[in-house]
Structure formats: structure tokens, C-alpha cells
Amino acid sequence: MKKVVISRMAAVTSLGADVDSLWSGLMAGRSGIVEVDRFDCQNYVSRYAACIEKLQAPDNGSMMDDILERVAGQMGNIPADCRLLVASIKGEIDRLESASRGQILVPEAVLFEPMLSKIARRFDLNDNGCNINAACASSTLAVMRAAAMISVGTADAVLVYAADMVSEFVFSGFSALQALSGEMCQPFDQQRKGLNLGEAGVALLLMSEERAAAEGEKQLARVAGWGAANDAHHVTAPAKDGSGLILACQRALGIAGIEAGEVAAINAHGTGTIYNDAMELTAFNHVFTSQIPPLHGVKGSLGHCLGAAGGVEIAIASRALCEQQIPGTVGCLQPEEAGRGCLSRTAQKIDGDYLLCSNSGFGGINGVVILQGGA
Amino acid sequence: MEGWITGIGWVTAAGFGLGRDALQQPFQAGQLEIPKRKQIFEKPDMRFGRLDEFSRIGLAAIAFCLRDAEREVWQQKREIGIIAASRYGCLQTDLAYMDTLMLEQGQLASPNLFAYTVANSFLGEAALRFGLNGGSFVLNQGDRTGLAALRIALEDLAWSEQEGVLAGISDLNPPPEFADEDFHPGSLFLLMEKEQQERAYGKLASVADEVFFNSVKVQNLEELIAACLAEKHS
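Protein sequences, first through last, are from chains F and V.
Going by this note's numbering, the first sequence opens with residue 1, and the numbers climb by one from there.
Going by this note's numbering, the second sequence opens with residue 1001, and the numbers climb by one from there.
You may find that some hints are simply not true.
What the hints assert, rightly or not - Reference listing, derived: stretches of chain V covered by chain F, where coverage requires no fewer than 3 residues with Cβ under 8 Å from a Cβ of chain F:
#1 1102-1112
#2 1155-1169
#3 1194-1206
In case anyone wonders, no lab produced these hints; they're calculated from the structure.
Just so it is clear, CB atoms sit at the ideal spot from N, CA and C, and this is done for glycine as well.
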């Protein structure tokens, strides 16, 4: 099995135009969640979301075009033989909204195939790749797949690109499901009332250790383990016993070849919904039997970035391992009893080589990636 | 990379089918009938009536596939994943949801329809109904062979602990503006298992970008299914 490293990463989020501003914003305990002015929220249960500053669709385009441009501009030249894995749940959904409202024909650009071609062209890649749609675990599963491809030698460089945007389509849907918080969200807090949506674009260049070394690429972190599992419980609600997440963690620990006690920190999904956060703490208490390691969630700062959430959180985790600290969990004022001792509103020092990232989504899917620092 | 095909099920213009009961090929031009609960499951099922059409065809094809493999009934959850390739995904459900969103400025947006505007929702329906706790996702890719999900499933069988993967295609008719006479709507899944089974149709293998059934190269899903059904009758 070849070792897999993350050699480059780029992101645009509500906290800024790159990974540095994202990291500094998180460490300062800032939140990018603001009142939405992109559409009228008066009939929805919330008016808050974490929106990228001055995001604009080009003429006849999508806001996703702007996200792609901002991310691609940070990545530099990518090797043309690099494989491409994209992760997005709703793609260019703003085009569908415009077509429906304008009562015009649905443009072909709402489909994923043209979006894949566009992303491949922008990064000058020979491979048009594929889009992986596993709800809120989409980019986690894309990173897992990329790591698996490299580790067995099917590919030696894979670009994972993930993006989703704040649209009225998705906002209204989560509002109708009563899943949005009317206030700033509070992941893992006893008083949490739901999630805030967010948007982001992120790119992660994964390479075999040999190729990264040969090409003089950085080795920001190693992707040491990965695992996915379905709850097989409910379509929109997680299994209360955390069985799917437990299984995904166990599979990831197995591939990494480490014991749970070697995990120095956790970047949890932490949506701020009552059931998700309770499920995660149940699962982590099962996996980490003696004590959950320092744990944090970033959705109080970034909102829930849907298919891009996992990718952004893996970029943050990579930086956290390098800095040996994790950001605080913004909004978590009174941690859930099951998370006492591992959650903090402020940044926490960590001590170790491994950080576990988890995401869970509609359809009961759970994805876990374990990063190793010091690559 | 290789796996054993042990079940085939479909909902296409040819009707609903299981590989072992098949009298005709599933790939045909024509109208796609959306299955009703009674046509798939004997017992009443509150959930089925709430499913969107994209989920119904996908869930039905998976049910027929597992029945064909004699793996429909279960006691303990199984390490079986699901990979569904789709060109249009849940676009028709998106459009139906948009219709509800535009009424009364969002006040009547349908939560039930919204839940199915996430294309992988039907995989969750299948996972909970059949106790499948492997990884699952919907794959969007510019692939006209219909084999993309199967190639990835073979990789998953080789790389993971999963005992099997359900892989296939699922698409409703697209809106008229996307009319494509070569496109046949429907859903078709194959169950591929890691270990050789007595009931297997045969062995599927991928080498580089090529796919082989019982060592004979197949160009597309239609050709593969024809070969499987021929094997059944031989």
C-alpha cells in the first residue's frame, strides 16, 4: 500500500478567500454567519447563513463559477495526468432556480456532466472525473476514494474539488424540515436548535508520497485511514445509537492501523441539530471508551457547507495537526453532558499525530478520514 | 479486480424484472412505468407512498436484484454497499420541489419532496429496508457504457471489507428539453459479491478500463446483461 499525502489545498469560505484566512478566523473564534441578503427569508424559520463575501454569478452563469475561479486561482498548475473527483450535492442549483422562476427551459448546465467538464478545463486536467453525491459526506467520501486509488496504485495524483452554495432551494428545504436554527447555530451545546447553512469551495491535491517527493511538492498531512458505513436506520435522521458512525470509525482505524487512543483530536460533523450532535457524541463515547480526545466542530463559524463540508474540514484538520491545536467550537456555550471535557469554545492544544474527521448525511451515510501529521 | 454477479433486477420500459425470471432483455425503448408498492412488496408499507418517482424505480430495482440473489430477507445488517450511476439524478424531483417553493413565496415548500432532492436518499431507503451498512453514493459521470458504477464497485470489493456491492444505473425520463433518443430511462442493479456463490451468473472483472464477463470483454451494460441472461439459459 502506498502512502498518501495532501500536497496542496485551497479554500474559499465565509471566513475568507484562502486557507490562511480560514484558519486565522477559526482560531480567533470568528463566525462568518450573517443575515442572508441573497433572497428574501421572511417566510423561513431562519434568516442566517454563512455566505462567501461578494460571491457573484457571471452573466448567464452560476455562483458556483465564481467559487471555482476563486479556488482554482489558489492552486497553481496541477499535473495534467491528475485524476479528478468532484463532490457536490446540488451543483449549479441557482441555474435551476432561475429557469423555474423565469419559466424558461432548464439549461443543460444544471446537470453534473457539463460541470465536471468545466472543472476539468479550469484545472487543465485530461480526466473529466466524476461527481460523488453522498449528501453531507460527499467530499469525505471523495477524499476516501482518492486515497484508496492512490494507495493501491490505480492513480498517483488525484484532485478532489468540492463545492456547494447557499441557495433558496436548499435554504427553504431545510426550513421546511424545521432543521434550521432561527439564531446563530450552537454545535454540541445543550441549547442547540438546529443548523445554519454555509457555502464553500475547496480543493485538495492528493499524491503518493513518492510522487510528491519526486515533484518537490509539500506533504501537508498523510491520509492514514478512511471508512464509510450506512446507518441503515432512517433517511433524514441519524441512528441514535451511532452505529453507522461507530462502524465508519472502526473501519478507518483499521486501515490506519492504530488504536483509538492514538487519535489526538476529532473534527466532528457538529451540525447543531439535536439528533446529529447527540448521535456523534454517543458514537465517539463508544469508540473512545476511556475519554474522547479534544473535539471541535466548525459549523458555528462556517455554517453547514453541504457537500463541501468534509473537504473544508479536512483542510482545517491538516492545518490543526501542523499547528498542534484545534479551533474552538463557536456557539458551544454549555457543552452537552456527553461531550464534557473534550469540547471548548476556545482553541485547544493537542498532542499527537492523528486527527479524525467525520461527516454524516441524508440517506444515513457516515464517512471518516484519519489524517496523520508530520508527513 | 473481480467479483461474482449473483443478482440482477430492473425497472425499465420492458417492465419489472429479475434476472432469473427474465423472458426478455430489460433495455428497450418505450414508456417507463413507475412501480406501485403492491408490484414490489407484499406487505403494506407507509414509507413507499411517500417516495418520489426517482426513489421508487431505484428502490424497486434494488429489491428485485436482492430477490434474484436470494438476499432480500435478512436478520443482521450486511456489509453491502450501493453505487448508483445517474445522468439526471433527481432533477424531476428538484423541479417538482421548485413548483412548491414558488407558491406563496416559499411558505408551501414541501419538506417531503425536499428530502428526495438529495439524490442518494433512495440509497438510504434501500439500506434501511434491506439492512445494508456498506458505503453508498450516487455517481455522476460522463459515461455512456453504463459500466462506470460496476468498475467502481469492483474496486470497492478489492479495497474494502465489504462482502458485496449493489451497482447499477438509475434515471427517470428527463425533461423534454433534454430529449435524447439513445437514452433509455429506468433503473437496473447488479449485486456483486466478493466470494464465489453457487447461484452466480458469472465472474465480472476489470482490467485497466476494460470489463470482462467470464473472461469475455463487454462493451456496455446492455451487452453484460445479455451475457448474464444467456448464461442463465445455458
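Verdict on chain F covering the segment 1102-1112 of chain V, where coverage means 3 or more residues with a C-beta closer than 8 Å | holds (count 8)
Establish whether the coverage given for the segment 1194-1206 of chain V by chain F is satisfied; the threshold is a Cβ-Cβ distance below 8 Å, and no fewer than three residues must meet it.
-> violated (count 0)
Stated coverage of the segment 1155-1169 of chain V by chain F [criterion: 3+ residues, CB within 8 Å] = holds (count 5)
Violation of the numbered hints given earlier is confined to hint 3; every other hint is satisfied by the structure.
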